[in-house]
Amino acid sequence: MRYSAWKVFWEGLTGNKGWTPQWREPEPKPEYDVIIVGGGGHGLATAYYLAKEHGITNVAVVEKGWIGGGNVGRNTTIVRSNYMLPGNEPFYELSMKLWENLEQDFNYNAMISQRGILNLSHSDPQHDAYARRGNAMQLVDAGAVLLGKEEVRKMCPFLDFDNARFPIRGGIWQPRGGTVRHDAVAWGYARGADSRGVDILQNCEVNGFILENGVCKGVETSRGTIRAKKVAVAVAGNSGKVMAKADMRLPIESHVLQAFVSEGLKPLIPGVITFGAGHFYVSQSDKGGLVFGGDIDGYNTYAQRGNLPVVEDVCEGGMALIPMIGRARLLRAWGGIMDMSMDGSPFITKTHIDGLHFNGGWCYGGFKATPASGFCYAHLLARGEPHEVATEYRLDRFRRGAMIDEKGQGAQPNLH
Amino acid sequence: MIINHPLVGPRDAAEFTYLGDASLIDRPDWKNKNAPDVFHDYLYLRDNPAGLHRELWYHEQGDRSWLVVTRDTTTHEISKVELARDVAIARKRGK
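Chains A and B, in that order, are what the protein sequence lines are. Count the first sequence with numbering that gives the first Met the number 0 and you get residues 0 to 415, in order. Count the second sequence with numbering that gives the first Met the number 0 and you get residues 0 to 94, in order.
Any given hint could be a false lead.
[Claimed, not checked] Derived Cβ-Cβ restraints for the label pairs, each shown as a range: (1) B:N3 to A:T19: 49 to 59 Å; (2) B:Q60 to A:Q303: 20 to 30 Å; (3) B:A89 to A:G147: 50 to 60 Å; (4) A:D404 to B:L82: 52 to 62 Å; (5) A:N162 to B:Y57: 49 to 59 Å; (6) A:N100 to B:K30: 29 to 39 Å; (7) A:G407 to B:D11: 21 to 31 Å; (8) B:Q60 to A:E10: 58 to 68 Å; (9) A:G223 to B:L82: 42 to 52 Å; (10) A:E315 to B:Y57: 19 to 29 Å; (11) B:P5 to A:P85: 39 to 49 Å; (12) A:P124 to B:N3: 40 to 50 Å; (13) A:G263 to B:P5: 45 to 55 Å; (14) A:E30 to B:A89: 46 to 56 Å.
No lab work stands behind these hints, which were simulated from the structure alone. Glycine included, every Cβ here is placed at the ideal spot set by N, Cα and C.
With the hints as extra help, turn the sequences into a complete structure.
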């Protein structure tokens, strides 16, 4: 399906009856070069970059439900590259650069809006820590601006600057951060991959892996056996369930993260704002709703819904930061399942089983990583070695003592 | 979620903090020949099941006891609550 202004005009006059599906609904072939398990943002991006960057088009994406129905369809749409540690920051900056060129690259409107992200500080030590993080960001040209209280006040006069417990000291601002229309990311990658020959197989659940002499040769699915030279899993949220079919235990727990959206309001919040003293972040969608969230619920779960104590905690954070949002009514709340890893950082890696690859452990930061995750995973699948910005995302990093622990919490997934 | 504490009765889960899989009770012996491998698995790897999960909760805002709660991770239904001390003693992990 191709689009043009003329096509929109013509379809408008003729009752919109001429639109055709954006991707095919093919039957599974008996064998592929690469099978990607999971038709979410990361899986579809991997298929897209395999086809586009490496010319590998005999690829299937198998998805148990419909594509884009998992976390790429239920996140808070924020993109940023404001990390600090060497194993992370170059990767997320590659992702940011891919975001910036994504719409031109896959020729699809993903509504990428670089309105900036502001992390607030509430004490001198926190402000110093942000200065340090900003310097680490500058090392990879991510762009960071340290703001004082009055500069923040100019940008966001509605914040509670003189809060008795957590007065605002300043903040760090990444002007290139922002939001992206999340569903369009999945659809754009799907259309781009499909048009290059990738088969997207929906309603095709993987029930097991074909393991012959310790080598993965394909997958057993609800639509039959499909063999492949390489199998690549990208099912974050369900990684534990899927990799258990290959008898693998992972350094991951599944947790639920809730998100919320208010009724539509007039333009109010300039970019993305995060509270530095509690866990609360907010942006405003193009429809006007305030999109916000906070901490994970904190216990193992595969249920895509959370509990009320965290709803209360998030709303308290919102009230402490922006008292006026107490007047807005909550429209919707939902939950998504996160792969919470032992150090808060992800995996893009081979496994001890030849031919079986694993991408997961994205914690609550998978959406912003989507382009680089697909780009680096495709690199690993095509070349057999990790991309230079993803060399630290290996499963054996705990054994080597090479954790990437941005928050310094240790092996306690619900605290990352 | 309501956790039916064996000593103080039904309490809101918000009074508790969560540690994780109850297999953390089974700390390996540091004198094992392959202690680095065993401790790697103990500390970092998890079963992470979808279904019944035995897990450690700490009644921080209450009587400060550790509990082993058996809970379904797909429904949040709690089917059993034990004192972690009793579980540890039964596994010969405590005194």
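Problem set entry | Distance restraint hint 21 to 31 Å, applied to the beta-carbon atoms of A:G407 and B:D11 | At 30 Å between Cβs, range holds.
For this session: Hint says 40 to 50 Å; check whether the CB-CB distance for A:P124 and B:N3 agrees.
Result: Hint holds: Cβ distance 42 Å, inside 40 to 50 Å.
Problem set entry | Outcome of range test on Cβ distance (A:E315, B:Y57; 19 to 29 Å) | For B:Y57 against A:E315, whose Cβ atoms are near 22 Å apart, the range 19 to 29 Å holds.
Problem set entry | Supplied distance hint 49 to 59 Å, evaluated on CB atoms of A:N162 and B:Y57 | violated (30 Å)
For this session: Could you see if the CB distance from A:G223 to B:L82 stays within 42 to 52 Å?
Result: holds (50 Å)
Problem set entry | Distance restraint hint 29 to 39 Å, applied to the beta-carbon atoms of A:N100 and B:K30 | violated (56 Å)
Exercise. Is it true that B:A89 and A:G147 lie within 50 to 60 Å of each other by Cβ?
Worked result: holds (59 Å)
Exercise. Are B:Q60 and A:E10 spaced within 58 to 68 Å by their CB atoms?
Worked result: holds (60 Å)
Problem set entry | Supplied distance hint 45 to 55 Å, evaluated on CB atoms of A:G263 and B:P5 | Check passed, 49 Å falls within 45 to 55 Å.
Exercise. Between B:N3 and A:T19, does the beta-carbon spacing fit 49 to 59 Å?
Worked result: Hint holds: Cβ distance 57 Å, inside 49 to 59 Å.
Problem set entry | A:E30 paired with B:A89, Cβ distance criterion 46 to 56 Å | holds (51 Å)
Exercise. How does the Cβ-Cβ distance of B:Q60 and A:Q303 compare with 20 to 30 Å: does it lie in that range?
Worked result: holds (28 Å)
In this structure, the earlier hints numbered 4, 5, 6 are contradicted, and the remaining ones agree with it.
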